[in-house]
Amino acid sequence: MSGAGASGGAAGARWGDLKARVLSAIVMIVVGLVEIWLGGWPFAALVILACGAMIWELARMTEGRASLPPVGLGVLGAAALLAIELLPQDRGWTLPVAAVLAALPSLAGLPGGRRHRRAFVPYAFLIMLTGLALISLRADPGLPVILWIVAVVVASDVAGYFAGRTIGGPKFWPAISPKKTWSGTIAGWIGAALVGLVFVQAGWGGWGLVALSPLVAFTGQMGDIAESWIKRRTGVKDSSNLIPGHGGVMDRFDALATATVLVWALSFVMPLPLAGG
Numbered sequence: 001m002s003g004a005g006a007s008g009g010a011a012g013a014r015w016g017d018l019k020a021r022v023l024s025a026i027v028m029i030v031v032g033l034v035e036i037w038l039g040g041w042p043f044a045a046l047v048i049l050a051c052g053a054m055i056w057e058l059a060r061m062t063e064g065r066a067s068l069p070p071v072g073l074g075v076l077g078a079a080a081l082l083a084i085e086l087l088p089q090d091r092g093w094t095l096p097v098a099a100v101l102a103a104l105p106s107l108a109g110l111p112g113g114r115r116h117r118r119a120f121v122p123y124a125f126l127i128m129l130t131g132l133a134l135i136s137l138r139a140d141p142g143l144p145v146i147l148w149i150v151a152v153v154v155a156s157d158v159a160g161y162f163a164g165r166t167i168g169g170p171k172f173w174p175a176i177s178p179k180k181t182w183s184g185t186i187a188g189w190i191g192a193a194l195v196g197l198v199f200v201q202a203g204w205g206g207w208g209l210v211a212l213s214p215l216v217a218f219t220g221q222m223g224d225i226a227e228s229w230i231k232r233r234t235g236v237k238d239s240s241n242l243i244p245g246h247g248g249v250m251d252r253f254d255a256l257a258t259a260t261v262l263v264w265a266l267s268f269v270m271p272l273p274l275a276g277g
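For the sequence shown, position 201 (counting from the first letter as 1) is numbered 201 according to the numbering used here, and the numbering increases by one without interruption.
Among the clues, some could well be false.
So the derived label-pair ranges between C-beta atoms look like this [stated by the list, open to error]: (1) K179 <-> P244: 10 to 20 Å; (2) F162 <-> Q201: 16 to 26 Å; (3) P244 <-> Q201: 28 to 38 Å; (4) D238 <-> A175: 17 to 27 Å; (5) P69 <-> G203: 19 to 29 Å; (6) Q201 <-> L33: 17 to 27 Å; (7) P170 <-> G203: 17 to 27 Å; (8) P96 <-> V71: 25 to 35 Å; (9) L197 <-> L33: 17 to 27 Å; (10) L38 <-> A99: 37 to 47 Å.
Mimicking DSS-like on lysine-lysine, the simulated pairs with C-alpha atoms at most 25 Å apart in a straight line are [what the hints assert, rightly or not]: (11) K180 <-> K237; (12) K19 <-> K179; (13) K237 <-> K171; (14) K180 <-> K19; (15) K237 <-> K19.
The set of hints was computed from the structure by calculation and includes no laboratory data.
Beta carbons are placed, not taken as given, at the ideal position from N, Cα and C, and that holds for glycine.
Kindly generate the complete structure, drawing on both the sequences and the hints.
Structure follows, in structure tokens:
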């Protein structure tokens, strides 16, 4: 094979999944934006379904010979989130009951010889916290904070994808995620800062958003790394094949999970530099 042919083949392999990724991304963006805009129960329903799917994927990857069926755990996670949303908000027992419900998938996944319990238990709880955080943040502060988190995660992912595949260079954490490079990681931070700048210029936030956005992006990147570690431990390439070009729901929303939980946690200790924050 000639050098030109080899180069063309390498380029084709490098960008071979781009079309599927773009088409799937368009569908996810359209559906996601509509649901985010609607808020309320339409948004909550999407979040609950996505979190149930993520727990199902996690349970599949760690399933043991006698462990509870992954579908059952996914349904349990979705049902627990729904139950939390239906709890009365003006009762003293709401918070402890919500905490127990949020922990149910993690606890239910323990019996039956489940593989990699140390990965399943905390990550299942993270998924539940993600669902609660998304629904809570959409309700208050509201639309701008969700749009900002999603924009930061998407910009970081897109910038990292193209920079990593065009610039390349040293790997960020090769033992866990061999494809991630420092060039892609830093490009993700820059992309996130630009998102913060756009929100500031649009009047949707203060200048602190420019500094906070790369931190949120970095937290999202660590979520991506955490999921990569779980996949390497369980010996799978993708969490599932539900989303063409992206793998599973966990593969697509792992960064959003950790980023959202971080922002939710920060909202309890400081005013977010966003309109309505």
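Verdict for L38, A99 (Cβ pair) under range 37 to 47 Å: Roughly 28 Å apart at Cβ, these two residues miss the hinted range, so it is violated.
Falls inside 28 to 38 Å, the C-beta gap from P244 to Q201? 35 Å, holds
Are the Cα atoms of K237 and K171 separated by 25 Å or less? Holds. K237 to K171 sits at ~19 Å (cutoff 25 Å).
Under the criterion that the straight-line Cα-Cα distance not exceed 25 Å, is the pair K180, K237 satisfied? Roughly 15 Å between the alpha carbons, so the hint for K180 and K237 holds.
Falls inside 25 to 35 Å, the C-beta gap from P96 to V71? For P96 and V71 the Cβ distance comes to about 28 Å; the hint holds.
Restraint status (C-alpha distance of K237 to K19 at most 25 Å): 19 Å, holds
Is the gap between the beta carbons of Q201 and L33 within 17 to 27 Å? Since Q201 and L33 have Cβ atoms about 20 Å apart, the given range 17 to 27 Å holds.
Are K180 and K19 close enough, with their CA atoms no more than 25 Å apart? 20 Å, holds
Holds or violated: are the alpha carbons of K19 and K179 at most 25 Å from each other? Roughly 19 Å separates the two Cα atoms, so the pair holds.
Distance restraint hint 19 to 29 Å, applied to the beta-carbon atoms of P69 and G203: 49 Å, violated
May I ask you to test the hint 17 to 27 Å on the CB atoms belonging to D238 and A175? 19 Å, holds
Pairwise beta carbon distance, P170 to G203, judged against the given window 17 to 27 Å: 39 Å, violated
The structure shown violates the earlier hints numbered 5, 7 and 10.
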